[in-house]
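Colleague: Using the working numbering, the first residue of the sequence shown is number 9, and each one after it goes up by one.
If you are wondering where the hints come from, they were derived from the structure by calculation, not from laboratory data.
Where hints are given, some of them may not hold.
[As the list claims (entries may be wrong)] Derived CB-CB ranges, DEER-like:
| no. | residue 1 | residue 2 | range |
| --- | --- | --- | --- |
| 1 | Gly39 | Ile13 | 17 to 25 Å |
| 2 | Asp72 | Glu12 | 22 to 30 Å |
| 3 | Asp63 | Glu12 | 33 to 41 Å |
| 4 | His46 | Asp72 | 36 to 44 Å |
| 5 | Pro69 | Glu12 | 40 to 48 Å |
| 6 | Pro69 | Ile13 | 35 to 43 Å |
| 7 | Glu98 | Leu34 | 13 to 21 Å |
| 8 | Ala22 | Pro85 | 17 to 25 Å |
| 9 | Gly39 | Asp66 | 12 to 20 Å |
| 10 | Ala87 | Leu34 | 40 to 48 Å |
[What the hints assert, rightly or not] Derived DMTMM-like pairs (lysine to aspartate or glutamate); straight-line CA-CA distance at most 25 Å:
| no. | residue 1 | residue 2 |
| --- | --- | --- |
| 11 | Lys11 | Glu54 |
| 12 | Lys56 | Asp96 |
| 13 | Lys56 | Glu88 |
| 14 | Lys56 | Asp66 |
| 15 | Lys14 | Glu88 |
| 16 | Lys14 | Glu54 |
| 17 | Lys56 | Asp38 |
| 18 | Lys11 | Asp66 |
| 19 | Lys11 | Glu81 |
| 20 | Lys56 | Asp24 |
| 21 | Lys56 | Asp71 |
| 22 | Lys56 | Glu33 |
| 23 | Lys56 | Glu81 |
| 24 | Lys14 | Asp38 |
| 25 | Lys11 | Asp24 |
| 26 | Lys11 | Asp38 |
| 27 | Lys11 | Glu33 |
Note that CB positions come from ideal geometry on N, CA and C, so glycine has one too.
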Amino acid sequence: MSKEIKLIQPTAVARDANGWWLHPELPAFDGCWTVLAHWLSQQGLELKRWTMEADISDHHPYDDGAAHCIGWEPASPGAEWFLLAINDSEDGPCVTWARRAVTP
């Protein structure tokens with residue numbers, strides 16, 4: 009008997025004092041992209057991800073070593089997208105949006 013998969017849903021976003029946020033239903037992947045890809049497939053999700061550096065043209069204190077992304081308000085790529093994370097990465101602050109994969 010197969011286990012029913014609980015699909016992640018949009019939820020209210022309350023960023024911490026440094027501007028970071030992770031969806032409370034997002035499992036920890038510990039950098040394992042294979043596990044993440046499997047979870048995304050089970051969830052039927054597609055992602056859009058970009059960095060703060062690519063999103064804003066102004067100089068941000070993060071560029072000078074500040075460990076926050078306060079003031080960065082990444083815009084949703086569309087009404088059907090929901091926020092998965094605003095987190096620090098090897099490339100600096102990044103945002104990850106998700107939506108149910110669209111099938112033609």
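Colleague: For the pair we were handed, lysine 11 and glutamate 54, check the Cα-Cα distance against 25 Å.
Modeller: holds (22 Å)
Colleague: Starting from the hint 35 to 43 Å, judge whether the C-beta atoms of proline 69 and isoleucine 13 obey it.
Modeller: With a Cβ separation near 41 Å, proline 69 and isoleucine 13 satisfy 35 to 43 Å, so the hint holds.
Colleague: Quickly compare the C-alpha distance for lysine 14 and glutamate 88 to 25 Å and report which way the hint goes.
Modeller: holds (19 Å)
Colleague: Going straight from one Cα to the other, do lysine 56 and glutamate 88 come out at no more than 25 Å?
Modeller: holds (12 Å)
Colleague: With 13 to 21 Å as the target window, see if glutamate 98 and leucine 34 comply at their CB atoms.
Modeller: Roughly 18 Å apart at Cβ, these two residues keep to the hinted range, so it holds.
Colleague: CB of aspartate 72 to CB of glutamate 12, is that within 22 to 30 Å?
Modeller: violated (48 Å)
Colleague: Given the hinted pair lysine 56 and glutamate 33, is their alpha-carbon gap at most 25 Å?
Modeller: holds (18 Å)
Colleague: Is the straight-line distance between the alpha-carbon of lysine 11 and that of glutamate 81 25 Å or less?
Modeller: Given pair lysine 11, glutamate 81 is violated - Cα atoms ~37 Å apart, limit 25 Å.
Colleague: Checking one constraint from the list: CA of lysine 56 to CA of aspartate 38, max 25 Å. Satisfied?
Modeller: Holds, at about 19 Å.
Colleague: Taken at face value, is the distance from the CA of aspartate 24 to the CA of lysine 56 at most 25 Å?
Modeller: holds (22 Å)
Colleague: Can the suggested window of 40 to 48 Å be confirmed for the beta-carbon pair proline 69 and glutamate 12?
Modeller: holds (45 Å)
Colleague: Please test the hint of 33 to 41 Å on the beta carbon pair from aspartate 63 and glutamate 12.
Modeller: At 37 Å between Cβs, range holds.
In terms of the numbered hints stated before, the structure departs from hints 2, 9, 10, 18, 19, 25, listed from lowest to highest.
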